[in-house]
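K.L.:
Listed in order, the protein sequences are those of chains A and B. Here the first sequence is numbered in my numbering, starting from 58 and rising by one per residue. Here the second sequence is numbered in my numbering, starting from 191 and rising by one per residue.
Hints are computed from structural coordinates only; laboratory data are not their basis. Even for Gly, the Cβ is constructed at its ideal location relative to N, Cα and C. Be aware that one or more of the hints could be misleading.
What the hints assert, rightly or not - Calculated pairs, DSS-like style, for lysine-lysine (alpha carbon to alpha carbon, straight line, at most 30 Å): (1) K251/A x K526/B; (2) K241/B x K265/B; (3) K322/B x K345/B; (4) K389/A x K429/B; (5) K479/B x K251/A; (6) K389/A x K402/B; (7) K241/B x K251/A; (8) K345/B x K526/B; (9) K390/B x K389/A.
Claimed, not checked - Which residues of chain A face chain B? A partial, calculated answer using Cβ under 10 Å: (10) N132; (11) K138; (12) A229; (13) A264; (14) A268; (15) A328; (16) S381.
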Amino acid sequence: MSDVTDTKLPAQSPPVDRAETAKADAAARLSWWRGDGGEGAKRNLGLLATLVVLVVIGILTRPDLYGDPNWVWGNTLTILKLASVVGVVTVGMTFVIIGGGIDLSVGAIVALAGVWSTTLATQSYGAGGMIFSALTVGLAVGVVNGLLISYGRLVPFIATLAMLVAARGLAAEISDKQTQVSTSSFINGIATTKVLGIPLLVYILVAVVAAGWVLLNRTTFGRRTVAVGGNPEAARLAGINVRRHTVLLYALSGLCCGIAAVMLTAQATSAQAAMANLYELDAIAAAIIGGTLLSGGRGTIIGSLLGVIIFSTITNLFAINNLSAEAQNMVKGGIIVAAVLVQQVQFRSLTQFLARNRATTT
Amino acid sequence: MTSDLSRRRLLFGGAAVSAGVLLAGCTSNEQSPTEAQTKAAANNANTEPGKKVTIGFSAPAADHGWIAAITNNAKAQAGAYGDVELKSVEAGADAAAQRAALSTLISQKPDVIVLLPHDGKELNAFGLEAMKAGIPVVNLDRAFPDPKAYRLQIKGDNYGMGVAAATYIAEQLKAKGVSNPVIGEIPGIESLELTQERSKGFADTLASYGLKVANRRPAEFTVDSGQQAATGLFQALPKIDAVWNHDDDQGIGVLAAVNQANRKEFFMVGGAGSKKAMEDIAADNTVLKATVTYSPSMASSAISLARLIGQGKGMSDLVELQVPKEIVLSSETITKQNSGDYLKLGF
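With the rest of the complex left out, here is chain A:
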């Protein structure tokens, strides 16, 4: 975070020697990349190791199933499919958290967008109308969240908590508390279509993750997000319109929820006000075990994706072993705590290292 302001400041001070500044700039950017890449890669390796451990547990407990390569391939796709909806929501959530906020309303937005797009009136416009309305509703609710937080100066926790309640209420009102069945074969087909043997849902997940990765790592928008989350005051002084950026972050999260709503409606072939229950917790938990700092300024899209996949692998592991959901939730809770503890230890050793460094230099 301080790296970002460092790289910004020389760019803004009047150039003494253009070549020299450019070189310094490039070096700073490189170090920023290298630092981020190194740290993120290490954490992601840890997550991959966790995944491997989970798969090994699966092999040991159900060798009969894992002995069949067809089953293993199908199961892998199922895990990815299970991860796809929460994964898309988590990409938006990761941006919001890196930007120093939190979005508790994601599950409610998914439900509202899903219900809105499956009303009889919307369904009469066909699949295009349904997708359009889901995306628009998601985006609009996200913008309202962002405006309340940045211009209304509400704490993100409060604003999105209020939205959680309100959006579910509106969804219940619109649906008249009934389950709305989607009759669009195009929408329902999203969950059954396979391209080259891989479900369309997985492609959507990959596309959203790829777009999120590019947006975070290769654009000014992404670097501004890191800056705003790391130190909003410094970001403002560096010339970033922090308020507008905050609105955009929540809008992005809302849009992701809209996409997720279409995917979830397709999977369930219906929508209702109670659906996507507690997705906010799943998404936050996945982002956190993926290494996103809850106080903002740090996080990776790949880490969040691995977090989601770890959770859906655990669900799968418990399913194939016929273990109860309670035990599964306890294990999930344990993994979240472990991930945060590991983060803290890393962070503490980092600060200790810095302090020691400073002591030797002075």
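Based on the hints, put chain B in the right spot on chain A.
P.N.:
Below, chain B without anything else, positioned relative to chain A:
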């Protein structure tokens, strides 16, 4: 002779089903689905207009098709009587809110109260209080533990649902001659007593046939959780013979998962008896072959009985001069053959 009979029954069943389907085709877009679930005043000693009765009604806010049907049925049934006035209060988010709502109801001096509590144990004290104050309480579905807290208890049979589902599955498997069948179960919210009772009835009855559940993946009574739970079940069991899904609403998601995983080797039994499930059973083009009822029509019956209690009458077919104290609906099994008869009770 027997074959003749069965053919006739089949014919009749087919006619009933097609009539039902036709009917559904005409009414499926109607906003109030409840007319059929109320018994309008017919030629019956009990339905003759009598003393005016004010009935207070309270049920939790609907977040689910079944609860929505409960409230709609109660209102429609009250509307069918000329001598009943229904005062309905919505119960808010939890037991405390419902208690507060009920105290406003008491102040309106109803003759009888019909109450579907958030939690029977938590609202037991209210039942006692009202009964002491001389207002008869009709306890709907979620039971008060204390018999002094209600004048009449009318509820569905959760344990019996499990029994009915298991009996159907076991008999079907026996008829098909499947040895060592693989049976899956998709219950609703695990922490609810009703889910535990349903599962116990299911497991006990299967055990009496020497069968057991191979895998159990709980959902949350929502369509998306049903889809996910079913997907997990299919991963765990590469080959399944039968599945019981506790709730037809989450069953929409379960059927979607069946379709997505392209698993057709088993048959499924649903639960509760939604209109959609009955239509699917009648059409016989999915794995859903039967559903065991837990009908929200009990709300209509509760209003009728509350009226009789208010008027001091008994049920005209029974010898007793007063309404009995407990009524437990039996859980019936709906299959393709009788789905036409039940379609009107679907919610």
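K.L.:
All hints, please: hold or fail.
P.N.:
The hints, checked one at a time:
no., hint, verdict
1, K251/A x K526/B, "violated, 33 Å"
2, K241/B x K265/B, "holds, 19 Å"
3, K322/B x K345/B, "holds, 23 Å"
4, K389/A x K429/B, "holds, 29 Å"
5, K479/B x K251/A, "holds, 28 Å"
6, K389/A x K402/B, "holds, 29 Å"
7, K241/B x K251/A, "violated, 66 Å"
8, K345/B x K526/B, "holds, 26 Å"
9, K390/B x K389/A, "holds, 27 Å"
10, N132, "holds, 5 Å"
11, K138, "holds, 8 Å"
12, A229, "holds, 6 Å"
13, A264, "violated, 20 Å"
14, A268, "violated, 24 Å"
15, A328, "holds, 7 Å"
16, S381, "holds, 7 Å"
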